[in-house]
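**Student:** Chains as they are written, first to last, in this note's numbering: chain Y, 12 to 399; chain P, 12 to 399.
Watch out, some of these pointers could steer you wrong.
Copies of the same chain look alike in the list, so a pair counts if it works inside one copy or between any two.
Unchecked claim - For lysine to aspartate or glutamate, the following DMTMM-like pairs were computed, each having C-alpha atoms within a straight-line distance of at most 25 Å:
| no. | residue 1 | residue 2 |
| --- | --- | --- |
| 1 | Lys98 | Glu73 |
| 2 | Lys384 | Glu127 |
| 3 | Lys23 | Glu36 |
| 4 | Lys272 | Glu37 |
| 5 | Lys200 | Asp102 |
| 6 | Lys396 | Glu37 |
| 7 | Lys87 | Glu36 |
| 8 | Lys272 | Glu170 |
| 9 | Lys23 | Glu37 |
| 10 | Lys98 | Glu182 |
| 11 | Lys172 | Asp361 |
Calculated from the structure, these hints are not laboratory results. Bear in mind that the values here come from a model prediction, so they are computed numbers and not experimental data.
Number of protein chains: 2
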Amino acid sequence: MLGNFTFCNPTKLYFGTDAMKGLDEELPKYGKNVLLVYGGGSIKKSGLYDQVIKILKANGKEIFEDAGVMPNPTVKKLYEGVERARKAKADLILAVGGGSVCDYAKAVSVSVFCDEDPWEKYYLRFEEPSCKIVPVGCVLTMVGTGSEMNGGSVITNHEQKLKIGHVFGEEVFPKFSVLNPEITYTLPKYQMVAGFYDIMSHILEQYFSGEDDNTSDYLMEGLMRSLIHSSLIALKNPKDYEARSNIMWTATWALNTLVAKGKTTDWEVHMLGQAVGAVTDATHGMTLAAVSMPYYRHILPYGLSNFKRFAVNVWNVDPTGKTDEAVAEEGLRAMEKWMKELGLVMNITDLGAKEDMLDDLVNATLIMDGGYKVLNKEEIRDIFKASF
Amino acid sequence: MLGNFTFCNPTKLYFGTDAMKGLDEELPKYGKNVLLVYGGGSIKKSGLYDQVIKILKANGKEIFEDAGVMPNPTVKKLYEGVERARKAKADLILAVGGGSVCDYAKAVSVSVFCDEDPWEKYYLRFEEPSCKIVPVGCVLTMVGTGSEMNGGSVITNHEQKLKIGHVFGEEVFPKFSVLNPEITYTLPKYQMVAGFYDIMSHILEQYFSGEDDNTSDYLMEGLMRSLIHSSLIALKNPKDYEARSNIMWTATWALNTLVAKGKTTDWEVHMLGQAVGAVTDATHGMTLAAVSMPYYRHILPYGLSNFKRFAVNVWNVDPTGKTDEAVAEEGLRAMEKWMKELGLVMNITDLGAKEDMLDDLVNATLIMDGGYKVLNKEEIRDIFKASF
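Same shape as in the complex, but just chain Y (with noise of 0.2 Å):
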């Protein structure tokens, strides 16, 4: 049954080829500092970086940059940034990058002007900001995260050995997103598959939970039959601009609050995979691969029937004449199947985690109650020992 919930979702997309015109329209709306927030610096080997630089330019604005936002950005960086943003007198952050470097931008507008250490306000205590909010823009250079069209930051603490997410409210979704899937044509092989994982795992967190049929469901298998077909197209050409638009548009509406309302949700899986994080910082999405299917073979007897209805609904898997068990365990097959298709690292091991780190992957591993079970520190002991 639906629950009870309000929708908003201001943020407005320009997705397309043209899509990097949508700077024209919304640069005006803000103030003349812009803090440029990006990674490593391959938007500068692809040309993205003098592309962004002269509109800004002939938008008369004044540029100061954030540039070296890692793969899981840190606490460290993250006080960087508030600095940065504090001295350029930021009216606009604009994220050019994939999710890390937009989960960053947001944790920057919410601490800019708190008096607090964000990293304990937001990420320890998840309190909702208090104070004045810093606009951000995002230019998307990479597909899975969502990030563009929702509150969610996460933020990795090497010291204590965390790796947290907050899910802001509207105030914090980024103003406005530039989606041109040709941008993504340049992403290696390795991130564009554990991105194309990581979409999957946005569906599935929110799909394996309650045992609702609403609409919700129907929504869900939809964008993952889509997901599926598409990322099999791009593996082999990735340069297909019609899979790879749709996947980033799939990526978007995975995560960008629609397909949770009104239901429960899980994300356990991600509480595994950000330990997996914290202690490797390994890539985001091969982390979820590695610890999903002995998760969902954990979980599958407490919650049968959604995963026959997977089974059924997204694997086309003919469930005439098998047991409900059999059923349901041929579609986590054909998804193991298909998770080696796109070359998914399927154990922790292979991302650098060691027997003698499973205390700490089972201490940085948070508990969620919306799942089918909720595990305990035994159960998830056994889960990281069998994704070894």
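For this one, chain Y is given, so just place chain P on it according to the hints.
**Tutor:** Relative to the frame of chain Y, chain P by itself:
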């Protein structure tokens, strides 16, 4: 392939059994003068009117009323509403009703400060507003049109025998909408099922266009499957909250711009149905139902592959060993069976149309160019003939 587009839907939705609380959150954002717009008085019988008045008064509002909005709001009524809104110096137009009331409120909102004749400017010349727009809020009592989260506004001119819809931009979308599925329980069955088919028709108009295989198509298949499933439950038990809430949510997403993004759309069924509405004043959803099967059977050969896809993915038709034509026709027959089961009016005779109205019907039908076949006048005549 996903074409280039922008997406922005800023409407805030309050959904569920406690959705009316949203009024308390929204009303303080607007000035004192509220123009309360509603229809024939069913909201007085149901108690909703008293409830809304109480909330408006508790929020210190000055209430001005504009009652009697008819199912097909007329241009005459529009002129009257504009005068009322001007006299009231309305800071907010609050529409309490179904799609007609909401459509009408939007028409008033763009006309209050407009120096020109709104019928001519917006509905004959399809121009965009160049004046101040009075904000609109909505309390929805009937499901189907999607008007609660889009810029659509259909107005009827009986003298000119025209019923025309203008799809306004996001600045005309309701600022907020209150969606409580329980409010829809009291709706007579005729209106309820007409609304169900209105939803289906909105999806089909967007689905049956272009040769694309994009995320939108998968989303629409999900929406249709959910609608078919829930509609049959609601038919047996109109107070089944799960069914009614999912249908309400499906209706919103069927026509809030999402599924049309990046693709072509048709809308010829609406043009045919609106012509029927213009000459008979019949219920909107029923006019769509009455012309749908003749239209779809006429265009099937031109969009065969998508009609086949529709049969397999929406109606679970098994394509094994059948020709594409047979599969496609089996899908249409399945839809026809569902329509009859709902009790929809399947011909225009039962809606009051007579053979001598044929010329008027053909003349009132706008010809769209997004479908699988751009109709000529003779084909329109044939489709109407097959609809008697």
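**Student:** Decide, hint by hint, whether the structure agrees.
**Tutor:** Evaluation of the provided hints:
{"no.": "1", "hint": "Lys98 with Glu73", "in the structure": "within (13 Å within a copy, 48 Å between copies)"}
{"no.": "2", "hint": "Lys384 with Glu127", "in the structure": "neither (36 Å within a copy, 63 Å between copies)"}
{"no.": "3", "hint": "Lys23 with Glu36", "in the structure": "both (11 Å within a copy, 23 Å between copies)"}
{"no.": "4", "hint": "Lys272 with Glu37", "in the structure": "between (29 Å within a copy, 20 Å between copies)"}
{"no.": "5", "hint": "Lys200 with Asp102", "in the structure": "neither (36 Å within a copy, 54 Å between copies)"}
{"no.": "6", "hint": "Lys396 with Glu37", "in the structure": "neither (49 Å within a copy, 51 Å between copies)"}
{"no.": "7", "hint": "Lys87 with Glu36", "in the structure": "neither (34 Å within a copy, 38 Å between copies)"}
{"no.": "8", "hint": "Lys272 with Glu170", "in the structure": "neither (35 Å within a copy, 45 Å between copies)"}
{"no.": "9", "hint": "Lys23 with Glu37", "in the structure": "both (9 Å within a copy, 22 Å between copies)"}
{"no.": "10", "hint": "Lys98 with Glu182", "in the structure": "within (23 Å within a copy, 36 Å between copies)"}
{"no.": "11", "hint": "Lys172 with Asp361", "in the structure": "within (20 Å within a copy, 71 Å between copies)"}
Hint violations for this structure: numbers 2, 5, 6, 7, 8, all remaining hints satisfied.
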